[in-house]
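Enquirer: Sequence:
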Amino acid sequence: MSWDVLLIRTKTNREAMDEIKSENIILFSQAEIAREIGKIATELGAVCDCQDLSWQNLDSDSWSIEFNVGKNAETESVMLHIRGSEPKEVLTLLPVDLNARLIDCSTGEFIRPGEPTSFERWRAYRDQILGRNEM
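Taking our numbering, I'd label the letters of the sequence shown as residues 949 to 1083.
Any given hint might turn out to be false.
[What the hints assert, rightly or not] Calculated pairs, EDC-like style, for lysine to aspartate or glutamate (alpha carbon to alpha carbon, straight line, at most 16 Å):
{"id": "1", "residue 1": "Lys987", "residue 2": "Glu1037"}
{"id": "2", "residue 1": "Lys1036", "residue 2": "Asp1052"}
{"id": "3", "residue 1": "Lys987", "residue 2": "Asp1045"}
{"id": "4", "residue 1": "Lys1036", "residue 2": "Asp997"}
{"id": "5", "residue 1": "Lys1036", "residue 2": "Asp1000"}
{"id": "6", "residue 1": "Lys969", "residue 2": "Asp952"}
{"id": "7", "residue 1": "Lys1036", "residue 2": "Glu991"}
{"id": "8", "residue 1": "Lys959", "residue 2": "Asp1009"}
{"id": "9", "residue 1": "Lys969", "residue 2": "Glu1024"}
{"id": "10", "residue 1": "Lys1036", "residue 2": "Asp952"}
{"id": "11", "residue 1": "Lys1036", "residue 2": "Asp1007"}
{"id": "12", "residue 1": "Lys987", "residue 2": "Glu1024"}
{"id": "13", "residue 1": "Lys987", "residue 2": "Asp997"}
[Unchecked claim] Cβ pair distances, simulated, as ranges:
{"id": "14", "residue 1": "Asn961", "residue 2": "Arg1031", "range": "24 to 30 Å"}
{"id": "15", "residue 1": "Lys969", "residue 2": "Gln1076", "range": "15 to 21 Å"}
{"id": "16", "residue 1": "Glu1063", "residue 2": "Glu963", "range": "38 to 44 Å"}
{"id": "17", "residue 1": "Asn1016", "residue 2": "Glu963", "range": "33 to 39 Å"}
{"id": "18", "residue 1": "Glu1022", "residue 2": "Ser950", "range": "39 to 45 Å"}
Read the hints as simulated data drawn from the structure, not as lab findings.
All C-beta atoms in this analysis are idealised placements derived from N, C-alpha and C, irrespective of residue type, glycine included.
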């Protein structure tokens, strides 16, 4: 069970959700995502595995992120499947470094720097479903 976040980049990165048009989306390359994951891994002391460019991983002691980049060399968006704790540092670095935005799939809203996400609500739901107090 993961908390899912979508990475997307548009020409202005200012459009409202319902104003995003495919012609305004700037593609990501698999290699670009791998370079960014490697950079973040170095900065945070995390471990990256980008051997499979379609499904890349970034792991720390407290969280794990799978990056579903897709089989094509370029893609309109990247889905992040997050497990463990909220990787706040990654959620801060990733959009800045890639000139992109993150969409919280639990709310359908953009994640804004410094503002709370739905992660804690998602974790409480996860723990209830799994019958755990903490993961």
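Enquirer: If you check each hint against the structure, which ones fail?
Expert: Violated hints (numbers, rising): 4, 5, 6, 8, 12, 15, 16, 17, 18; every other hint is consistent with the structure.
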